[in-house]
Amino acid sequence: DAGVIQSPRHEVTEMGQEVTLRCKPISGHDYLFWYRQTMMRGLELLIYFNNNVPIDDSGMPEDRFSAKMPNASFSTLKIQPSEPRDSAVYFCASSLTEGGYEQYFGPGTRLTVT
Amino acid sequence: SQQGEEDPQALSIQEGENATMNCSYKTSINNLQWYRQNSGRGLVHLILIRSNEREKHSGRLRVTLDTSKKSSSLLITASRAADTASYFCATSHGNNRLAFGKGNQVVVIP
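Protein chains in written order, with the numbering used here: chain A, 1 to 114; chain B, 1 to 110.
Simulated from the structure, these hints should not be mistaken for lab results.
The C-beta atom is built at its ideal place from N, Cα and C for all residues, glycine as well.
Please note that a few of the clues may not be correct.
Facing chain A, a subset of chain B residues (Cβ under 10 Å, in silico) [unchecked claim]:
#, residue
1, Gly40
2, Arg41
3, Val44
4, His45
5, Gly59
6, Arg60
7, Arg97
8, Ala99
9, Phe100
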């Protein structure tokens with residue numbers, strides 16, 4: 001199994017631009033999580049899906065952030081417009097059962113907004 | 001929201017020594033998990049201990065859980081240079097989310 005796949009691995013963009021991060025979860029996993037990691041705030045859960053349906057988006061910072069999961073093998077996290085404070089590493093993780101069990105993380109996307 | 005908090009924040013040890021990290025949490029849990037993160041990589045699950053368990057082993061890892069004190073410890077025995085990483089505890093409270101701590105940096109000096 002290839003594990004959780006994220007793309008791109010690195011993204012550098014200018015303030016105001018739209019950014020789209022992509023994730024392919026492990027096949028058969030029915031939970032998908034988006035996290036953001038910064039030195040100041042640590043690892044924060046942004047949103048998670050169960051069977052492609054968003055369950056809890058209370059961690060999404062503001063309306064500039066949106067996430068979709070059109071099918072079981074693909075999810076996107078979009079930031080529009082991006083701001084320098086969005087600079088962070090964004091992780092996608094998937095889980096076979098409910099979130100109380102182990103999660104498998106992707107390698108992350110390092111986003112830099114200048 | 002509940003969040004695991006590790007203590008200490010950074011640890012530097014010689015290869016072969018044991019490394020111990022602690023984690024505390026505020027409210028009751030279903031389980032507690034430990035993850036490792038190597039520099040520039042994603043988190044990797046190490047071990048899960050359920051609320052009705054007190055101790056668990058996996059290779060050189062030993063995890064204890066004291067629900068009365070709302071704390072857990074992770075012991076890495078006979079550390080190796082490859083154990084250099086950040087270690088996170090994460091608590092599950094039955095609502096399909098994991099709450100992660102800020103992490104412990106462990107440096108193992110060869």
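Now the hints, each set against the structure:
| no. | hint | result |
| --- | --- | --- |
| 1 | Gly40 | holds (8 Å) |
| 2 | Arg41 | holds (6 Å) |
| 3 | Val44 | holds (7 Å) |
| 4 | His45 | holds (4 Å) |
| 5 | Gly59 | violated (16 Å) |
| 6 | Arg60 | violated (19 Å) |
| 7 | Arg97 | holds (5 Å) |
| 8 | Ala99 | holds (8 Å) |
| 9 | Phe100 | holds (4 Å) |
Going through the hint list in order, the structure does not satisfy hints 5 and 6.
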